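Asks: Next come the chains, spelled out residue by residue.
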Amino acid sequence: DTAVSQTPKYLVTQMGNDKSIKCEQNLGHDTMYWYKQDSKKFLKIMFSYNNKELIINETVPNRFSPKSPDKAHLNLHINSLELGDSAVYFCASSHGTGVTGYTFGSGTRLTVV
Amino acid sequence: TQLLEQSPQFLSIQEGENLTVYCNSSSVFSSLQWYRQEPGEGPVLLVTVVTGGEVKKLKRLTFQFGDARKDSSLHITAAQPGDTGLYLCAGNTGNQFYFGTGTSLTVIP
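Those protein sequences? They're chains A and B, same order as listed.
Just add 391 to the spot in the first sequence (first one is 1) and you have the working numbering.
Just add 983 to the spot in the second sequence (first one is 1) and you have the working numbering.
If you're looking for bench data, these hints aren't it; they were derived computationally from the structure.
Accuracy of the hints is not assured; some may be wrong.
Listed below are several chain B residues computed to face chain A (Cβ distance under 7 Å; list not exhaustive) [unchecked claim]:
(1) S1014
(2) Q1016
(3) E1024
(4) G1025
(5) P1026
(6) L1028
(7) T1031
(8) L1069
(9) F1080
(10) F1082
(11) G1085
Far from chain B by the CB rule (all over 10 Å, computed), these chain A residues [as the list claims (entries may be wrong)]:
(12) P399
(13) F455
(14) P457
Remember, predicted model here, so these are calculated numbers, not experimental data.
Quick reminder that beta carbons are idealized off the backbone N, C-alpha and C, glycines included.
Whenever a hint applies, use it, and build me the whole structure from the sequences.
Replies: See below:
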């Protein structure tokens, strides 16, 4: 069983479109995250979310919005996609603030053309 | 400038050689983690260190947390092709994790 699963694995879309990436975890973790990995392989946090609080990285454009229907799911919606949004997006989960470690999904490679 | 700088950025070695990867910062971390990421996959946690000076071993991998909790190192003995991947350190400042700049390791058979 996959601990953190995200879909789709690959996403190719045109500029201006709206798209969503889904994430589900079956680990019973209470915190979920979205990370963006750029072409230089640098991982940057976009959002962290638990039942109580959504923490947004202020550098993330408001075209990006996380939506969590329940504790096991955290989806990422992106409006008006731009070329610069092309990257690999990773979902992750942890107990609390992640002191004991994060479990990552296998990533979604988004290409905006 | 990134909070956690890793060196070297790229490393290509022959099978059987030893290597060390460094993760440095001017900030103090309450804990530090190392991950390995293979192509097309997400990072996988290798170890967490929490005490200054702490040393942990995972088979041929040895992890050390600096005494001042500002830096860490990963030493691999007798590297194998299966060790190939992107190695990432990640430090916890108490309220947020920061990932390092990454070290891409290639072990040539």
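Asks: Now, for every hint given, state plainly whether the structure supports it.
Replies: Against the structure, the hints come out as follows:
For B/S1014, the suggested interface contact is upheld, since its CB lies about 6 Å from the closest CB of chain A, less than 7 Å. Interface restraint check: B/Q1016 against chain A, minimum CB-CB distance 6 Å, threshold 7 Å, status holds. With a cut of 7 Å, the hint placing B/E1024 at the interface with chain A holds, because the nearest CB-to-CB distance is about 5 Å. Annotation: B/G1025 was flagged as interfacial toward chain A, and the flag holds, the nearest CB pair being 3 Å apart, inside 7 Å.
Given the 7 Å rule on beta carbons, the hint for B/P1026 holds: about 5 Å separates it from the nearest Cβ of chain A. Look at B/L1028: its Cβ gets to within about 4 Å of chain A, closer than 7 Å, so that hint holds up. Taken as an interface hint, B/T1031 checks out: its beta carbon lies about 6 Å from the nearest beta carbon of chain A, inside 7 Å. Interface hint status for B/L1069: upheld, as the beta-carbon distance to the closest one in chain A is roughly 6 Å, under 7 Å.
Checking B/F1080 against chain A by beta carbon gives a least distance of about 6 Å; that is within 7 Å, so the hint holds. Annotation: B/F1082 was flagged as interfacial toward chain A, and the flag holds, the nearest CB pair being 4 Å apart, inside 7 Å. Here the hint on B/G1085 is kept, as its CB sits about 5 Å from the closest CB of chain A, short of 7 Å. No beta-carbon of chain B is positioned within 10 Å of the beta-carbon of A/P399; the least distance is around 14 Å.
At roughly 18 Å from the closest C-beta of chain B, the C-beta of A/F455 stays outside 10 Å, upholding its exclusion from the interface. Taking the minimum C-beta to C-beta distance to chain B, about 17 Å, the non-interface status of A/P457 holds against the 10 Å cut.
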